[in-house]
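A.B. asks: Listed below are the residues making up each chain.
2 protein chains.
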Amino acid sequence: MDSKLAVGIDLGGTNIKSAMVTANGEIALHRSRPTLSERGPNPVLDDMVEMVDELVKAAGVPRDNVVGLGLGSPGPLSHRDGVIYKAANLPGWKDVRVRRYLLEHTGLPSVLDNDANAAAFGEFWVGAGKGKRDIAVLTLGTGIGAGAVLGGEVLRGHFENASEIGHLIVHVDGKPCSCGQLGCLEAYASPGNLAHEMTEMIRGGQASSLAEVLDKQGTLETRDIAEACRDGDELATEMWDRACKFIAVGCINIQHAYNVETLVLGGGMANAGALLLDNVRRFHREMAWRLVDDAPEIVISKLGHDAGVIGAAGLAWAARDASIIA
Amino acid sequence: MDSKLAVGIDLGGTNIKSAMVTANGEIALHRSRPTLSERGPNPVLDDMVEMVDELVKAAGVPRDNVVGLGLGSPGPLSHRDGVIYKAANLPGWKDVRVRRYLLEHTGLPSVLDNDANAAAFGEFWVGAGKGKRDIAVLTLGTGIGAGAVLGGEVLRGHFENASEIGHLIVHVDGKPCSCGQLGCLEAYASPGNLAHEMTEMIRGGQASSLAEVLDKQGTLETRDIAEACRDGDELATEMWDRACKFIAVGCINIQHAYNVETLVLGGGMANAGALLLDNVRRFHREMAWRLVDDAPEIVISKLGHDAGVIGAAGLAWAARDASIIA
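Taken in order, these protein sequences are the chains called A and B. So for the first sequence, numbering that gives the first Met the number 0 puts the first residue at 0; every next one is plus one. So for the second sequence, numbering that gives the first Met the number 0 puts the first residue at 0; every next one is plus one.
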C-alpha cells in the first residue's frame with residue numbers, strides 16, 4: 000500500500016512540472032522541463048506522456064502501483080469533460096481533449112482541473128489548509144488566480160469557472176483589466192500590475208532605489224520590489240502597501256461570499272512572507288466589518304510552488320477514492 | 000402521502016408569516032400576524048407556536064401528517080445549532096435557542112436558517128431556479144440579502160454567514176455602509192439607499208415629480224420611484240439606473256465567485272419587473288467580461304414575497320429527506 004503513487008503535473012507557460020506523490024501528499028520524486036509552447040498542443044502532450052514514463056521508471060514501481068494522473072492547467076477548461084478550451088500562454092490550444100489523450104497514452108485514469116483549483120486542493124489536502132473543510136487560496140503570480148474548497152469539495156460552478164476572485168469588481172468604473180472589465184481586483188492588486196506601475200513611475204521620474212535595478216534588468220520582479228520595501232524605499236513601500244490593501248479587499252469579499260475558515264496566500268508574491276502577510280492582515284482588520292465575527296485566518300501557502308503539482312496528484316487520489324474518473 | 004405537509008415560517012421585523020406547504024411547494028393555507036417585536040423573543044416564539052397549532056387545526060390533518068417546521072429568520076444565526084445570535088429589527092434577541100424551543104412546543108422536527116437562505120432555497124426548490132442545481136438569489140428589500148444554492152445545497156460557510164453579497168466591497172474607500180465597511184454593494188444598490196438618496200436630493204432642491212409624493216407621504220417607497228421612472232421623471236430614472244448598475248456589478252461578482260447558472264432578483268424592488276430586469280441585464284451585458292461565456296441567466300423571482308415561507312418549509316422537507324434534523 001505504501002508504494003502506491005499518483006502523478007501530478009503542473010502545466011505552465013514556461014515549464015511543465017511533474018511529480019510522483021504519495022498518498023500522504025509527499026513528493027517522492029519530480030521532473031521538470033521547459034514547455035516550449037510554440038510547438039502547439041500535441042508535442043506538449045507527448046512531453047507529458049514521456050515525463051510520466053520517466054517518473055514511473057525512476058520510481059521503480061510496477062505501473063499498477065500508480066493510481067492515477069492529475070493535471071493542473073491554465074484554462075478555461077472543463078474538469079467534467081477533460082477538455083482544455085483555451086490556455087493562457089499556450090498558443091494554439093483549442094478544445095483539446097486532454098484527459099482522453101493522457102488516459103490513452105499513459106494508461107492512467109486521469110483528471111484535469113485548472114491550475115488555481117489544483118493549487119487550492121493541494122493546500123486543502125496537505126498544505127496550509129490541512130484539516131480544514133472550507134478554504135480559499137489566492138495565488139498571487141503575475142495575475143491573481145483563486146480556488147475554493149468548500150465542504151471538502153473544489154468549487155467549480157455550473158460553467159466550471161467559479162472562484163475567479165481576481166475578476167471581482169472592487170472599484171466600479173475603475174482601471175481597465177486585461178479581461179475586458181473595469182475595476183477588477185487583479186487590475187489593482189496583482190504582482191504583475193505592481194511591477195508595471197512601479198516601472199511606469201520610475202520611468203516617469205519618481206525617485207526610487209529601484210531605478211538602478213530597472214536600468215540593469217530592464218524589468219522589475221516582485222522580489223525586487225519586496226527587497227526595496229525592506230530597505231526602506233518609499234515609493235516601493237507605498238505601492239506594495241496599496242497592492243496589499245487591495246488584496247485585503249479580495250480577502251473581505253471572499254469572507255462574505257464563501258465564509259471560509261482559512262484563506263491562503265500563495266504564488267510568487269507570497270515568498271515575501273511577513274511583508275505580505277502582516278500588511279494584508281492589517282488592512283483586513285482595518286477594513287472588514289465587525290458586525291459578525293467571521294473573519295478567516297489569513298495565512299501564507301505552505302506548499303509554495305509545489306501546490307499545483309501536489310494538488311493535481313491529490314485530485315487524482317481523490318478521484319480514485321470517489322471512483323469518478325474516466 | 001398527498002396529505003403530508005410542512006410548516007414554513009418567515010419571521011420579519013414587521014410580520015410573522017406562516018404557511019402549510021405541500022411536498023410540491025404549494026401553499027395549502029397561510030396565516031400572518033404582526034411581530035410586535037418590542038415584546039422580546041419569548042412572546043414572539045409563543046406566537047409562532049400558536050400559529051403552528053392554528054395551521055394544523057385549519058389544515059384538518061392529523062399532526063403526524065406534518066413532517067416538520069422550517070423557520071427563516073434575520074440573523075446572524077446558526078443553522079447547525081438552531082440558535083439566533085442576534086436579529087436585525089428584533090430587539091432583545093440574543094443567543095435564542097429557537098430550534099429546541101419550537102421542537103419542544105410544537106413537537107415538530109424543526110430547522111432554522113436565515114431569511115435570505117430560506118428565500119434562495121424556495122426559488123431553487125419550486126421558483127425561478129427550479130430544475131437548476133446552482134443558483135443565487137439577491138433579495139432587494141430594504142438592504143440586500145443574498146443566498147446561494149450550489150450543487151443543490153444551501154451554501155452556509157464555516158461561520159454560517161456565507162453569501163453576504165450585499166457586503167462585498169465594490170468601491171474601495173467608497174460610501175460608508177451601515178455594517179461598518181466602506182464601499183459595500185448595499186451602500187450603493189439597496190432600495191433603502193435609493194429611497195434615501197432620492198429623498199436627500201429632492202429636499203436639497205433637485206427637481207422631481209416625486210417632490211409632491213414626498214411632501215404627502217413623508218417618505219419614498221421603491222414603488223414610488225419605479226412609477227416616477229415609468230412616468231419619465233429624470234432624477235428618478237438617473238438614480239434607478241445607478242442602482243441597477245450596481246446590482247449588475249453584484250451579479251458580475253456572483254458570476255465570478257459562484258458561477259451559477261441562474262441569478263434570481265427578488266424582494267420588493269423586483270416588483271418593478273422589466274424596469275429592474277432590463278436595466279440590470281443591460282448593465283451586466285455592458286460591464287461583464289466576454290473572456291469566458293459563463294454569464295448567468297438573470298431572472299425575476301417567481302415566488303415573490305412567499306419565497307421565504309415556501310423556502311423555510313422546503314428546508315423542513317429537505318431535512319426530513321436527509322434525516323438531519325434535531
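Just to be clear, a hint being listed does not mean it is correct.
Heads up, the list lumps identical chains together, so a pair's fine if it works in one copy or across two of them.
[Stated by the list, open to error] Here are the computed lysine to aspartate or glutamate pairs in the EDC-like style, where the Cα-Cα straight-line distance is at most 20 Å:
| hint | residue 1 | residue 2 |
| --- | --- | --- |
| 1 | K85 | E237 |
| 2 | K244 | D172 |
| 3 | K215 | E296 |
| 4 | K215 | D320 |
| 5 | K174 | D223 |
| 6 | K85 | D45 |
FYI, nobody ran anything at the bench for these hints, they're computed from the structure. Bear in mind that the values here come from a model prediction, so they are computed numbers and not experimental data.
A.B. asks: A separate judgement is required for each hint: does it hold in the structure or not?
C.D. replies: Consistency of the hints with the structure:
1. K85 with E237: neither (36 Å within a copy, 40 Å between copies)
2. K244 with D172: Answer is both; intra-copy 19 Å and inter-copy 10 Å each pass.
3. K215 with E296: neither (39 Å within a copy, 51 Å between copies)
4. K215 with D320: This pair counts as neither: shortest intra-copy Cα distance 52 Å, inter-copy 68 Å.
5. K174 with D223: Neither way: K174 and D223 sit 24 Å apart in one copy and 35 Å across, limit 20 Å.
6. K85 with D45: within (18 Å within a copy, 59 Å between copies)
Hints 1, 3, 4, 5, counting from the list given before, are not met by this structure.
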